[in-house]
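Novice: One-letter residues, chain by chain:
There are 2 protein chains.
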Amino acid sequence: MSRPDYELHYWPSIPGRGEFVRLALEDAGVPYVDVARLPEKDGGGGKALMKALKAAHPEPFAPPFLVYRGGAVAQTAAILAFVAPRHGLVPDDEGARANAIQLQLTVMDVVAEAHDTHHPISTGAYYEDQKPEAKRRSKGFVEERIPKFLGWFERYLEAAGGKHFVGGVSTYVDLSVFQMIEGLEYAFPRAMKRMAPKIPRLLALRDAVKARPNIAAYLASERRMAFNEDGIFRAYPELDL
Amino acid sequence: MSRPDYELHYWPSIPGRGEFVRLALEDAGVPYVDVARLPEKDGGGGKALMKALKAAHPEPFAPPFLVYRGGAVAQTAAILAFVAPRHGLVPDDEGARANAIQLQLTVMDVVAEAHDTHHPISTGAYYEDQKPEAKRRSKGFVEERIPKFLGWFERYLEAAGGKHFVGGVSTYVDLSVFQMIEGLEYAFPRAMKRMAPKIPRLLALRDAVKARPNIAAYLASERRMAFNEDGIFRAYPELDL
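Sequence lines, in order, name chains H and W.
For the first sequence, this note's numbering begins at 465 and goes up steadily by one.
For the second sequence, this note's numbering begins at 465 and goes up steadily by one.
These are computed hints drawn from the structure, not numbers from a lab.
Treat each hint with caution, since some may be false.
Copies of one chain are not kept apart here, so a pair can be met inside one copy or by any two copies together.
Claimed, not checked - Derived DSS-like pairs: lysine-lysine, alpha-carbon spacing no greater than 30 Å straight-line:
#1 505 x 603
#2 657 x 518
#3 595 x 612
#4 595 x 657
#5 612 x 599
#6 595 x 518
#7 505 x 595
Based on the sequences and whatever the hints tell you, model everything.
Specialist: Listed below in C-alpha cells is the structure:
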C-alpha cells in the first residue's frame, strides 16, 4: 500500500487551526494521514506530535504542519497557499492567489482574536486564572470586532458576486469562511443571532459549503471533530455577551 | 512623469506593519508612493488613508494595503507574497515560497504578540487603562515567547546554512527578520541583551541586511521612520522585565 503524499500534524483533541487544512484536503479529495489522531501504537498522540515536529525539516514553529515529499511547511495560511494550487483549490492567477492569502489571513485573525477572548493574559495559564480579563476582552470582540470582521467579509463576498470569495469559483477561502462561521456560532451563539440579518451571503455560503459532496461526506464521518472547550472556539456563555 | 506601479497605504506616523512592505520595495529598488505620508494637499494623512481604503477594490480589511495596476491586496504577508516573485525577492520554487510565507507569518506572530504586551485587553482602549494586565502579559512574552520564537528562528537559519533563511539567497524574509530584531531591541533592550549570546546568526543577519546598499541608503533617508510609542514596538521600560 502506498503512503499518501501528505501527513498532517496537529493536536489530536481539537479541531483548531488544523481543521482549515483538513477541509481543503477533504474538499479536493486528496488522501492524507492525520498523524496525531492515529492510535498511539501507530505514531498518534500529543507526545508523538512534538517528536514529529522536531523531526520535520525545516522545523515547524508549531502545529499544524504538513509534511510532503521533499519538505514540510507550517502556519495554516502558508500550508493552504502551498497545497491549493496543486489541487485546484485556487485559480492560477497571481492577483487571485494574493487575495486568497489575504482572506485566509483575515480568517486567521478572527481565529486568534476568538482565542484571546478566553486567554487574554497568557496562553500558558488557565482560563480560570484570567476570567475577569477574559470578560473585558470578550466585550470588545463581541461588540466591535465580530461586526467589523463579518461586515467586511459580507461586503467582500457581495463585491465578488455573492457566491464565492475568489475568482467566481470555489476555493479554500470559502471552506475557511464556513469553518469560521461555524466556530463563531458555537462560541458566541447570541452574538451571532444578532449578526444573522446582516450577513445573508455569508450564511448562504456556509450552507453551500456544507452541501458540497466531499464536505458533506467529511462532516458525516468520524474524521470531523466537534468544537470543544479545549479548542479555540469555546462555548463559555459568560463570554457571549 | 509616470506614476509608479505601486501605492503603499499605511498609517503615516508609525513604522508598524507597513515597514515590512517598505523594506521589500526599497531593497528591490521598486518605485512606490507612500501615499499617507504625502502632504495632506497631495492625499496624505490618516483621514485620506481611510478614504483610500474604502475606495480600493477589493476593499482591504485594514492598512497596510498595496494598490497595484489591476487590484489591491491587504495583509502584510499577502502583500509580500504578491510582490516578492515579481521583483526577485523570493526564489521561483513552490516549497521555497511556502517557507517564505511561513517565516513571514511567524514574524507577524511576534509582531502581534509584541503589540499585545501593551494592549492585552483592548486595542480600542489606552495603554494607561490596561497597565497591570500589560505587565502580566509582558512577563510571559519576555520570559517564554521571545526565547521560544528567537530560538526557533536561530535554529531555522542555522539549518538553512546560516546566512539566509530561504534558498540560500537574500529574500524578503531576511529583511523582515531584520525589522523584527530591531523592533524587539527597541522595545525590550534588557531582554534582548540576555538573548544576544543565543542568537549569533540572527544578529549577524541583521547586520548584513543593514549593510545591503539599497537598505543602507533607505535607512539613511527620511523615508525610514523611527520606532515610537504610538507603534507596535514601544519602549516602555516597565514592560521590559
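Novice: Hint by hint, say whether it matches the structure.
Specialist: Against the structure, the hints:
1. For a Cα distance limit of 30 Å, the shortest separation of residue 505 from residue 603 qualifies neither inside one copy, at 44 Å, nor across copies, at 39 Å.
2. Taking the shortest Cα distances, residue 657 and residue 518 sit within 30 Å of each other only across copies (27 Å), while inside one copy they are farther apart (43 Å).
3. Taking identical chains as interchangeable, the C-alpha atoms of residue 595 and residue 612 lie at most 30 Å apart whether they share a chain (24 Å) or sit on different chains (26 Å).
4. In the homo-oligomer, the alpha carbons of residue 595 and residue 657 lie at most 30 Å apart inside one protomer (24 Å), although the nearest pairing across protomers, at 34 Å, exceeds that limit.
5. With identical chains, the CA atoms of residue 612 and residue 599 are at most 30 Å apart both within one copy (19 Å) and between copies (28 Å).
6. Proximity of residue 595 to residue 518 under the C-alpha cut-off of 30 Å is found in neither arrangement, the shortest distances being 34 Å within a copy and 37 Å between copies.
7. Neither within a single protomer nor between protomers do residue 505 and residue 595 lie at most 30 Å apart by alpha-carbon distance, with minima of 38 Å and 48 Å respectively.
The earlier numbered hints that this structure contradicts are 1, 6 and 7.
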